[in-house]
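> If you read the protein sequences in the order shown, they are chains A and S.
Each step along the first sequence adds one to the number in my numbering, with nothing skipped, and position 291 is 412.
Each step along the second sequence adds one to the number in my numbering, with nothing skipped, and position 230 is 351.
I should point out that these hints are in silico values taken from the structure, not numbers from a laboratory.
Possibly wrong hints are sitting among the right ones.
The list treats identical chains as one, so a pair stands whether inside a single copy or across any two.
Stated by the list, open to error - Derived DSBU-like pairs (lysine-lysine); straight-line CA-CA distance at most 35 Å:
{"#": "1", "residue 1": "452", "residue 2": "214"}
{"#": "2", "residue 1": "169", "residue 2": "214"}
{"#": "3", "residue 1": "214", "residue 2": "185"}
{"#": "4", "residue 1": "452", "residue 2": "185"}
{"#": "5", "residue 1": "452", "residue 2": "471"}
{"#": "6", "residue 1": "471", "residue 2": "169"}
{"#": "7", "residue 1": "185", "residue 2": "471"}
{"#": "8", "residue 1": "169", "residue 2": "185"}
{"#": "9", "residue 1": "169", "residue 2": "123"}
{"#": "10", "residue 1": "185", "residue 2": "123"}
Protein chains: 2
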Amino acid sequence: MKTLHINLQEHSYDIHIDGGLLDHAGALIRQIHSGSQAIVLADETPWKLYGSRLETSLTQAGIKHSVFTIPSGESSKSMAVLEELLDFMAVSKLTRSGLLIVFGGGVAGDLGGFAAATYMRGIDFVQIPTTLLSQVDSSVGGKTAVNLPSGKNLVGAFHQPRLVITDTELLATLSDREFSGGMAEVIKYAAIFDRDFFDSLTEYQNRRELMEEMPYIVYKCCDLKRIVVEEDERDTGRRMLLNFGHTFGHALETIGQYQRYIHGEGVALGMLLAVAFGQELGLTPSDEIGHPLFTALKDLLEANGLPTSTDIPLMDLVEHMTIDKKADGSKIRLVLLEDLGEAFVDTLTKDHLAAVMETLAQRRICGGDL
Amino acid sequence: MKTLHINLQEHSYDIHIDGGLLDHAGALIRQIHSGSQAIVLADETPWKLYGSRLETSLTQAGIKHSVFTIPSGESSKSMAVLEELLDFMAVSKLTRSGLLIVFGGGVAGDLGGFAAATYMRGIDFVQIPTTLLSQVDSSVGGKTAVNLPSGKNLVGAFHQPRLVITDTELLATLSDREFSGGMAEVIKYAAIFDRDFFDSLTEYQNRRELMEEMPYIVYKCCDLKRIVVEEDERDTGRRMLLNFGHTFGHALETIGQYQRYIHGEGVALGMLLAVAFGQELGLTPSDEIGHPLFTALKDLLEANGLPTSTDIPLMDLVEHMTIDKKADGSKIRLVLLEDLGEAFVDTLTKDHLAAVMETLAQRRICGGDL
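Start from the sequences and build out the full structure, keeping to the hints where you can.
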């Protein structure tokens, strides 16, 4: 078992990573939480496959629990489902010293983390991420949120888990699409922080080879994220780099009404757009000067089964980018690449954004052949 | 103008208190907030009376604003209204650097504060409390919350305002019932922290005399609350004393479905019950040994138009007290008086609580003549 310690003073916690940890969840939770009362928030899809194993482990450790399941998918990240969950916690008479155990992917993590942040103004929670996306990304950082009719993640809180238990064997039952979506975030960490890691990712031939190294890959991503989160827990500085691909990606997800693209697919397209955008501005090295950054990223995304083109008109994205939390009134901040493994933040006006997007649209970037 | 500085490190802020401050709100906000975009959350009752004056002041200070009004009353502190408000903020394209201005009493303050705490994971807010209750109580402490079907204030966050503007002249248009409700909290501060202040409150003959000294009375209460909040921002220790009367009071409010008793009325009855409870335990001096604490409190509450008896059976309260945030599983913590001006926390089991309540019920405490 690998253990990564996230150092955030009184919000510090450990991430345990290994295949087969699910059966030890109860004992691991016992090490950090003395209460005996818990609510499990579970995504119904992994719950059908693994729920009984988690329940056995909790019961063996003497942790009494009630289970609240949610349908898989972004639609569970609503204020209505949040209220149902919170009321379930209250009806179960969970006190301030109770525990919420979140079993699922990013949706369950975001929803459950926000419920834990706000129930009685904050209780402890433990995360057991079941998707690749949540194992590499959502389990570090403490960002929790639900969606509003007018946009994604617009309501939330910073609330760190007390413990994360990452069982990489759970990934075996993910669909190829979900696995690929998680790989988009893996590729993101490599692209913004670590060129060697990026290069190593080009060497895996298929999902089976990736699965063999998964404890290492997950650890590596969490460790890269740890460095910026420890520096900038509240996301006011360097942590913004983690948003590479996300400003465009969220716009694509919103336009697709969270149905058409899963998060990782939006991020994949968003990263490519950000590279093309930087190249258009002359801030990211052009592919034509013997430094095929766009092509290298496109090839790696395609090798991982991720989309690299969309038929959503690029100009449609502009309007959806101004409400992003990274935006400040008329200015928009975008994460661009200076090189593979080196990211920076660029600030530009909405008009400038629109003008560059128009050029990219004319060049049919991500919208067909180049 | 009196100014009280609340020192909570990076969450520090000022409370300005005086008659007529409403017309200076825009200029006072300008001193602490550089943005020019704001949303006003307003309780419709004071808004009809004072809204145009606030709007004029904001406009003169160059603060662009949109207004979201809510019906008066506890029913606005729901997750459904919260979502409407948050979506209004998003549709108005309020960014992370935008401001929420809350104009109203405790309901608007709790709802608006929680919206500010969670919109984009936290934005600034300014409070302009319009009721006596909110001027003396809700404006210090940073507790924000909404209600769930199963209980009051079960969802919330700690989020301090950036500024509080308290115009005591706004109290002139409160109903007698609401004014009395606020006086319950004033009496609470005196009862738990300051015997001299308690004695001075017995000298006012009527509302007019109280109104003349209102800037001082509000300042005094905020200052008493400031001392414990600065010590214990997160409410894990001494701040619990502020809950005097509230554990019983919330139970009464819940049973009355937030219709029968306004908050201050629940607190008034709750304080009397807490004194009787302490006397029954032998921890609060008995009235019979020449120290008429129960009677002194009862007289002051009655003089201020507050209820001192209820026909809700006392045993009904027991079940509603276990889900209170101050409760920890089977234990219940109650704030009791050692004397006027001196409060302490007592911890007892639910069974013990029930037994004492049964005795109080038999003695018809607060349920008719003693």
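> Hint by hint, say whether it matches the structure.
Hint-by-hint comparison with the structure:
1. 452 / 214: between (46 Å within a copy, 13 Å between copies)
2. 169 / 214: Result: close within a single copy only, 26 Å intra versus 40 Å inter.
3. 214 / 185: within (12 Å within a copy, 44 Å between copies)
4. 452 / 185: Classified as between; 18 Å across copies, 50 Å inside a copy.
5. 452 / 471: Cα proximity of residue 452 and residue 471: one copy only (6 Å, versus 57 Å across).
6. 471 / 169: neither (46 Å within a copy, 38 Å between copies)
7. 185 / 471: between (53 Å within a copy, 20 Å between copies)
8. 169 / 185: within (20 Å within a copy, 52 Å between copies)
9. 169 / 123: within (27 Å within a copy, 62 Å between copies)
10. 185 / 123: This pair counts as within: shortest intra-copy Cα distance 28 Å, inter-copy 53 Å.
Violated hint for the displayed structure: number 6, the only one.
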